Amino acid sequence: RKFISLLEKEIGTTKCHDIHKDVVFGRYYDVSDTKEGYPAFVKDKGFEKCALPPGIGARLAAQIIIEDMEKAKGP
Numbered sequence: 103r104k105f106i107s108l109l110e111k112e113i114g115t116t117k118c119h120d121i122h123k124d125v126v127f128g129r130y131y132d133v134s135d136t137k138e139g140y141p142a143f144v145k146d147k148g149f150e151k152c153a154l155p156p157g158i159g160a161r162l163a164a165q166i167i168i169e170d171m172e173k174a175k176g177p
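Residues 103 to 177 in the working numbering are what the sequence shown spells out, letter by letter.
Please keep in mind that the hints were generated in silico from the structure rather than gathered at the bench. Just so it is clear, the structure is predicted and the values come from calculations on it, not from any experiment. Think of the CB as a built atom: it goes at the ideal place given N, C-alpha and C, for glycine as much as any other residue. All clues stand as given, with none of them false.
No farther apart than 25 angstroms at their CA atoms in a straight line, the calculated lysine-lysine pairs in the DSS-like style are these:
| # | residue 1 | residue 2 |
| --- | --- | --- |
| 1 | LYS111 | LYS151 |
| 2 | LYS104 | LYS175 |
| 3 | LYS173 | LYS111 |
| 4 | LYS117 | LYS137 |
If you anchor each label on the Cβ, the simulated ranges turn out as follows:
| # | residue 1 | residue 2 | range |
| --- | --- | --- | --- |
| 5 | PRO177 | ASP135 | 53 to 59 angstroms |
| 6 | LYS175 | PHE105 | 17 to 23 angstroms |
| 7 | THR116 | GLY139 | 20 to 26 angstroms |
| 8 | CYS118 | PRO141 | 16 to 22 angstroms |
| 9 | THR116 | ASP146 | 20 to 26 angstroms |
Model the full structure from these sequences, guided by the hints.
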């Protein structure tokens with residue numbers, strides 16, 4: 103729960119469609135559309151840009167783990 107809450111606070115959503123539109127590209131790419139959506143996604147460097155949200159998620163997860171380890175260790 104803490105992770106999802108932090109991720110939503112950081113990037114605004116956890117839904118791929120909304121991440122495409124609101125965080126990464128400014129629009130949604132339907133990558134299942136092999137005629138237009140997927141080629142446009144590739145042309146706009148989708149694979150590179152879509153690494154941003156998972157990277158943010160990894161940082162937040164590490165932050166939570168470190169905080170929990172420090173709490174468990176005590177003063």
